[in-house]
Every structure is written in structure tokens, then in C-alpha cells.
Amino acid sequence: MRAAASSVAAAPTVVAVIAYDGISPFHLSVPSVVFGKERDVAAMPVFEFRVCSAERGPLSTTGGFTITTPYGLDALDDADIVIVPSWRDPDEAPPDVLVDAVRAAAARGAQVVGLCLGAYVLAAAGLLDGRPATTHWAWA
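Read the sequence shown against my numbering and you will find it ends at 140, with the numbers running on by one and no gaps.
Mixed in with the good hints there might be a few duds.
Beta-carbon label-pair distances, calculated as ranges [to be verified]:
(1) Trp137 <-> Ala93: 19 to 25 Å
(2) Ala104 <-> Ala133: 16 to 22 Å
(3) Gly64 <-> Glu92: 16 to 22 Å
(4) Ala11 <-> Val113: 19 to 25 Å
(5) Ala11 <-> Pro58: 29 to 35 Å
(6) Ser24 <-> Asp96: 22 to 28 Å
(7) Gly72 <-> Pro45: 31 to 37 Å
(8) Pro25 <-> Glu48: 19 to 25 Å
Derived by calculation from the structure, the hints in this document are not laboratory data. Beta carbons: idealized from backbone N, C-alpha and C, even for Gly.
Using the sequences and the hints, build the whole thing.
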């Protein structure tokens, strides 16, 4: 027997993924496939998926094409989940504005996820201090 559908729709979980100049299309595609697919009522949970960036204008990718993001880092302000899918270079510190936005999201209770070299951004924000973490095998 199925429960009666609620007349009040649940608010979607807001997922913000951070893109940057030099991003790998593969790393951006992983959260896009998981959270960005349009979902119907039967495929709950529902996500509001946002691709955002600290940088404005076209972003180059390692695939040889450019992308633009519809959101800036202010999209993290009310995100439930923030994903940093990678980072372009472990020897390059992420910009302060990105680190500050990730830190602020974590401080207000958002789940913050670093995939692969995205763990470096979380580390730069101090979110991994005293905690175990894993990253790309070649950079561990």
C-alpha cells in the first residue's frame, strides 16, 4: 500500500559544484551525473543543481573547450551540499575568495565534499585539520 502523497512538496536539496579555469570535464561530470539529472517525483530526492565559479567569463577545460557557469560563489550561501570536484594544481593555492566561501559553507552546516584533488581546497580552508582524508593517489 502506498502512502498518500503530501500536498506540500519537499524543498529540493541544493547542491553547488565549483568549477574553475582549467577544470577537467571528467571531474565536473561526476557530480553533474549524480545530482544534475532532472528528476521526477518518483525519483526522490530532488536536487537543485548549481555549477558555480569564483571566476567570471569562459573557463577553459582540459578537454580543449570552454564552459561558462550560471552562478558565482554566492550560490554556496544556501547550498546544502558543496562539492569541489578537483583542483587544477596541488602546488597552486586556491584563491582566498574560494577558500573563504567553502569555509563559510561548512561553518553554517553545509556538507562540503572534496573529490580527488578537491581535498586540497578543503585542506586550504582548514576543514581537514586533525581529520583523516584521502586524495588522488599520485599526489598523496
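Each hint tested on the structure:
1. Trp137 <-> Ala93: 19 to 25 Å: holds, 22 Å
2. Ala104 <-> Ala133: 16 to 22 Å: holds, 20 Å
3. Gly64 <-> Glu92: 16 to 22 Å: At 21 Å between Cβs, range holds.
4. Ala11 <-> Val113: 19 to 25 Å: Holds, since Ala11 and Val113 (Cβ atoms, about 20 Å apart) stay within the stated range.
5. Ala11 <-> Pro58: 29 to 35 Å: holds, 32 Å
6. Ser24 <-> Asp96: 22 to 28 Å: holds, 23 Å
7. Gly72 <-> Pro45: 31 to 37 Å: Given a distance of about 25 Å, which is not inside 31 to 37 Å, the answer is violated.
8. Pro25 <-> Glu48: 19 to 25 Å: holds, 22 Å
Violated hint for the displayed structure: number 7, the only one.
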